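A.B. asks: Can you make the complete structure from the sequences, with help from the hints?
Protein chains in written order, with our numbering: chain U, 1 to 346; chain F, 1 to 384.
In short, the hints are calculated from the structure, not lab data.
Source: prediction; values computed, not measured.
Accuracy of the hints is not assured; some may be wrong.
Stated by the list, open to error - Partial pick of chain F residues on the chain U-facing surface, computed with a CB cut under 10 angstroms:
#	residue
1	Ser65
2	Gly163
3	Leu208
4	His236
5	Asp283
Stated by the list, open to error - Every beta carbon over 10 angstroms from chain U, so not counted as near; a handful from chain F, in silico:
#	residue
6	Lys33
7	Arg86
8	Ser98
9	Phe119
10	Tyr130
11	Tyr174
12	His323
13	Gly344
From the three backbone atoms N, C-alpha and C, an ideal C-beta is built for every residue, glycine too.
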Amino acid sequence: MGQDRHEGTQPLLKVEHLTKEFPVEGGVISAHRKGSKKVHAVEDVSFEIYPGETFGLVGESGCGKSTTGRSIMRLTTPTSGTVIFDGKDVSTMSRAEFKSMHRDMQYIFQDPYASLNPRMTIGEIVSEPLTIHNVMPDAAERTAFVRELLDVVGLNPEHINRYPHEFSGGQRQRVGIARAFALRPKLIICDEPVSALDVSIQAQVLNLLSDLQREFGTAYLFIAHDLSVVQHISDRVAVMYLGHLMEHSDWKSLYTEPHHPYTQSLLSAVPVPDPDIQHARKRIILAGDVPSPIDPPSGCPFHTRCPIAQGRCSSEVPTLRKVLPGHYCACHFAEKNPIKESSIRL
Amino acid sequence: MLFGRKKRDENYVDLKELPVPEGEHLLEVDDLKMYFHTQDGVVKAVNGVSYTLDRGETLGVVGESGSGKSVTSLTIMGLIDMPPGRIEGGDVRYHGKSLLAMSEEEMEHIRGNDIAMIFQDPMTSLNPVYTIGRQLGEGLRLHRGYSKKEALQRSVELLDMVGIPNPEQRVKDYPHEFSGGMRQRVMIAMALACDPDILIADEPTTALDVTIQAQIIELMQEMQQKNGNAIIMITHDLGVVADVADKIMVMYAGQPVEFGTADEIFYSPLHPYTWGLNRSIPDPVIDEKRPLTPITGNPPSLVNVPAGCPFSPRCPYATERCHTMAPELHVSETGHYARCHFAGDAAFVAANAPATSRTRGKSAPDTPKAHAPRHAAAQEGGEA
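C.D. replies: Given below as structure tokens:
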């Protein structure tokens, strides 16, 4: 299962040792001064995404999951590390190569209200990628294509000349999805695409994303904080905490056999919408808050809140290692973790 | 009292000190209607809400945004501006006394003292220019006539009670020096300062991460066990409701569409909207992925509520009657009610209600029979 399933296949996206730091104090000079404080948003993150799969990235707010997505897309420049997309290193690309890469890698944003230009009709919004990449120079052909695309995402093609404010949140997210799919990309980075939507609408958009993936074979990097949504949509899932990748594996192994104490407490904290099961579950309630990424703990980033931490955890940074086929975990005690036995699964 | 501010009315007796009159409930909301009269028309924000609540109980109010779940509580608290709001009918009785008939001065005694409220966003509900201690003590000084010193002392105890480390120092801090979870703890401490009968929590954990949410929910339950207060938990998260609620009210378009005990709502729901919500959420328990069956279309605008049953345009089972005639409440002996023409039709309910962890294994359909067309979303809400 998991990565083993992909043995022999070429990954579509390969992220290696990605690190992103933000200077805390503003200004050019202080940012380059030695010893100035930095936010360690992403620390040495590596993973691969294979063609046509959904890779879920979960974590609490401020864990660096969005920064990871933005660094891959180069919406922000990583401090170090490489991103190899479709066999090419994104960091050494020329401008022209970079632009053509964007034909194959698109982004869906969280906020369907802020990510659509209010002065453009939805037809203009959806056809803009086509214009930028000069894919369909013929205007009539382009319009026909956009109408078809609107139909595919479940919007009425007759509404092509309407403006974003005339649509509800869920419909706007459909417009954002149509725009992302206009160029038939190989990878779409979905940054919390459903978290601003009501449950009934959320399900509509999740189903749409699954349908489109089946139709076009697009791979998704699905960034979200909602564990049940990520479980539902993902083939493989990675858990982030304070910029570090703590655990990743195929979805089933991660949700039924979590090895990392952070994954375990995260899963146990999600209330299950079924009173019988919810009341019978064991819960691990973590003490305290997530430490500041400006001054992250030494050793394992989770050791300050970890229920099974020992002396070694505060000095030695655990590395991701294989605990099961296709299942990787960054914990010194992953194999000997006592919580694992006591069934905390969702 | 020797020093400090006096209560405005020495003869005022706190309602919460009195026993609940025979045959009454702690809080009784009876067919409450509150409409906003706006330029765009009449917004029926609260349209016939009924429930009862007793001490120690937790009522979960669920619904999507705009379903009126928050406005209902604001109406009960007398926090709606009138106009544009206007009570169009019904009553709210606390200890058998109508809250709607009370003067503003009487309501001031009730708010914070008998019924307290916490909100979703702890940053905007704390005043950034006052210290935590001063804000915590405000209610005590107002309702209990505490002196500054006494109030501060009690604030330290309260912070300690809600699990904030080093409370003697923290009372002197300002809200921005606290994290989101800590601020919500402060809000809970503030709400419980005067030992209220009822705590209304409006999406108290929505802005928080799951691990912090678990902490806050545990804290609220702990406090409830200690103080015996009732909780009204307003949320969109069915998981949170499953965790805490004894009774649940499901709201749609300003109306409660179903009300019952947590058991009734989760294991024998009657209303197609409750079923739809259930099928829309990913089931985290089962091993294989179950396809989601979303509710098609969008929630209606409250200015222009559909004729007949407000859910009928999105309901996969709607018949001609549903589109023309508003359904009456179907009430069972246990008080479980649903606003649906077919709620009394046991065969219909058995054939269409979603499978639950209790029925799974027995035969129950997982998807509604009639599938709405793909474009339902576009056709209904396009002109929103």
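A.B. asks: Next, verify each hint and record whether it holds.
C.D. replies: Here's how the hints hold up against the structure:
1. Checking Ser65/F against chain U: minimum C-beta separation of about 6 angstroms stays under 10 angstroms; hint holds.
2. Taking 10 angstroms as the C-beta contact cut-off toward chain U, the hint placing Gly163/F at the interface holds, the least distance being around 9 angstroms.
3. With a cut of 10 angstroms, the hint placing Leu208/F at the interface with chain U holds, because the nearest CB-to-CB distance is about 9 angstroms.
4. For the restraint placing His236/F at the interface with chain U, the shortest Cβ-Cβ distance is roughly 6 angstroms, inside the 10 angstroms limit, so the hint holds.
5. A distance limit of 10 angstroms between C-beta atoms decides the matter here; for Asp283/F the minimum to chain U is near 8 angstroms, and the interface restraint holds.
6. For Lys33/F, the requirement that its beta carbon stay farther than 10 angstroms from each beta carbon of chain U is met, with the minimum near 24 angstroms.
7. The beta carbon of Arg86/F sits about 28 angstroms from the closest Cβ of chain U, which is more than 10 angstroms, so the claim that it is off the interface holds.
8. Ser98/F, annotated as away from the interface, keeps every beta carbon of chain U farther than 10 angstroms; the closest lies near 34 angstroms.
9. Distance check on Phe119/F: its Cβ is at least 19 angstroms (rounded) from any Cβ of chain U, clearing the 10 angstroms threshold; non-interface status holds.
10. Annotated as non-interface, Tyr130/F keeps its C-beta farther than 10 angstroms from every C-beta of chain U; the closest such distance is 23 angstroms.
11. Once the 10 angstroms rule is applied to beta carbons, Tyr174/F is consistent with being away from chain U; the minimum gap is 17 angstroms.
12. Taking the minimum C-beta to C-beta distance to chain U, about 20 angstroms, the non-interface status of His323/F holds against the 10 angstroms cut.
13. No Cβ of chain U approaches the Cβ of Gly344/F within 10 angstroms, the least distance being about 25 angstroms, so the stated non-interface status holds.
Of the numbered hints stated above, none is contradicted by the structure.
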